Amino acid sequence: MRLLPMGCACLLAMNAGCDPVLPTAGQAEDGAGDYEIERKRMVETQIRVPERGIRHDGVLKAMLEVPRHEFVPLKYRSEAYDDRPLPIGHRQTISQPFIVAFMSEALDPQPMHRVLEIGTGSGYQAAVLARLVKEVFTIEIVEPLGRQAEKDLKRLGYNNVQVRVGDGYAGWPEQAPFDTIIVTCAPDHVPQPLTDQLKEGGRLIIPVGELGNQSLVLIRKKDGRLKQEQVMEVRFVPMTGKAEE
Numbered sequence: 078m079r080l081l082p083m084g085c086a087c088l089l090a091m092n093a094g095c096d097p098v099l100p101t102a103g104q105a106e107d108g109a110g111d112y113e114i115e116r117k118r119m120v121e122t123q124i125r126v127p128e129r130g131i132r133h134d135g136v137l138k139a140m141l142e143v144p145r146h147e148f149v150p151l152k153y154r155s156e157a158y159d160d161r162p163l164p165i166g167h168r169q170t171i172s173q174p175f176i177v178a179f180m181s182e183a184l185d186p187q188p189m190h191r192v193l194e195i196g197t198g199s200g201y202q203a204a205v206l207a208r209l210v211k212e213v214f215t216i217e218i219v220e221p222l223g224r225q226a227e228k229d230l231k232r233l234g235y236n237n238v239q240v241r242v243g244d245g246y247a248g249w250p251e252q253a254p255f256d257t258i259i260v261t262c263a264p265d266h267v268p269q270p271l272t273d274q275l276k277e278g279g280r281l282i283i284p285v286g287e288l289g290n291q292s293l294v295l296i297r298k299k300d301g302r303l304k305q306e307q308v309m310e311v312r313f314v315p316m317t318g319k320a321e322e
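According to the working numbering, the sequence shown is numbered sequentially starting from 78.
One or more hints might be untrue.
As the list claims (entries may be wrong) - Simulated DEER-style distance windows between Cβ atoms: (1) Leu151 - Asp273: 20 to 28 Å; (2) Arg118 - Thr317: 31 to 39 Å; (3) Arg302 - Asp111: 46 to 54 Å; (4) Glu142 - Glu277: 25 to 33 Å; (5) Leu288 - Gly234: 30 to 38 Å; (6) Lys276 - Arg168: 42 to 50 Å; (7) Glu121 - Glu322: 40 to 48 Å; (8) Glu113 - Leu151: 15 to 23 Å; (9) Glu142 - Gln187: 13 to 21 Å; (10) Asp300 - Val267: 15 to 23 Å; (11) Pro254 - Glu322: 22 to 30 Å; (12) Glu156 - Arg129: 31 to 39 Å; (13) Glu310 - Met189: 29 to 37 Å; (14) Gln269 - Gln187: 19 to 27 Å.
Note that these hints are calculated values from the structure, not bench results. Fair warning: this is a prediction, and the values are worked out from it, not measured in the lab. We put the CB at the ideal spot given by N, CA and C, even for glycine.
Please construct the entire structure, taking both the sequences and the accompanying hints into account.
Here you go:
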């Protein structure tokens with residue numbers, strides 16, 4: 078049985094006392110630990126384990142290489158490789174590492190793929206995908222998060238990622254179609270613009286439903302038709318903007 082993950086944009090009831098504005102991910106930290114060892118421990122104890130079943134070699138390699146601590150506010154860096162999401166400000170979080178790996182694997186990423194991400198957050202998921210595909214196009218509706226993620230991704234050399242600040246409901250039509258699409262916030266339905274921008278043979282993974290009753294849904298497009306599969310129960314913040322209308 079798979080362990081129930083908390084989504085990458087889960088509500089932070091357990092962190093209600095944290096400051097609404099946190100130190101940025103790009104700030105340096107004195108006395109940093111051996112993050113490479115921590116990443117290896119993370120992969121071996123949280124991701125590669127049989128009960129969670131992540132087997133995609135590229136995803137495992139990306140999780141070993143991408144410095145998650147660089148996408149975590151300074152006050153939480155000692156916890157950067159723990160098995161849980163962490164707050165990044167604006168009532169958003171960086172994903173539990175397992176959910177990042179799981180959603181990445183579900184897309185079956187290929188080196189020539191062009192991927193659309195809705196919900197940039199800290200930029201960590203985009204950085205993992207950037208190791209696996211040709212191009213990542215990511216949209217964040219919370220402007221301070223989007224701007225900081227763009228800076229951090231550029232600073233760390235992820236030059237195949239383009240960041241846009243705006244409402245992701247409509248996708249990114251100028252860059253469509255996409256081989257795969259990943260959504261890290263939950264609407265109560267699958268947005269039609271996203272399925273329209275998905276290539277034939279493509280995959281879309283998205284949490285759907287109201288808070289407390291959400292499922293992670295994997296959609297495949299074949300012969301112009303959509304086949305949906307409910308993968309697991311999750312907990313993500315609702316998609317805001319047009320999705321709320």
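Taking the hints in turn, this is what the structure says about them:
1. At roughly 41 Å, the beta-carbon separation of Leu151 and Asp273 lies outside the given 20 to 28 Å, and the hint is violated.
2. At roughly 35 Å, the beta carbons of Arg118 and Thr317 sit within the given window of 31 to 39 Å.
3. Here the CB-CB span from Arg302 to Asp111 is close to 49 Å, well matched to the stated 46 to 54 Å.
4. About 31 Å separates the C-beta atoms of Glu142 and Glu277, a value consistent with the hinted range of 25 to 33 Å.
5. Look at Leu288 against Gly234: about 36 Å separates their beta carbons, and that is inside 30 to 38 Å.
6. Taking the beta carbon of each, Lys276 and Arg168 are about 33 Å apart, not inside 42 to 50 Å as hinted.
7. In this structure the hint that Glu121 and Glu322 lie 40 to 48 Å apart at CB holds, the actual value being about 45 Å.
8. Taking the beta carbon of each, Glu113 and Leu151 are about 19 Å apart, inside 15 to 23 Å as hinted.
9. Look at Glu142 against Gln187: about 18 Å separates their beta carbons, and that is inside 13 to 21 Å.
10. Asp300 and Val267 have their C-beta atoms about 18 Å apart, which keeps the hinted 15 to 23 Å range intact.
11. Restraint check, Pro254 to Glu322: a C-beta distance of roughly 25 Å satisfies the suggested window 22 to 30 Å.
12. Between Glu156 and Arg129 the Cβ separation comes to about 20 Å, which falls outside the hinted range of 31 to 39 Å.
13. Judged by the Cβ atoms, the range 29 to 37 Å given for Glu310 and Met189 holds: they are separated by roughly 33 Å.
14. A C-beta distance of roughly 25 Å is found between Gln269 and Gln187, which places it inside the suggested range of 19 to 27 Å.
The earlier numbered hints that this structure contradicts are 1, 6 and 12.
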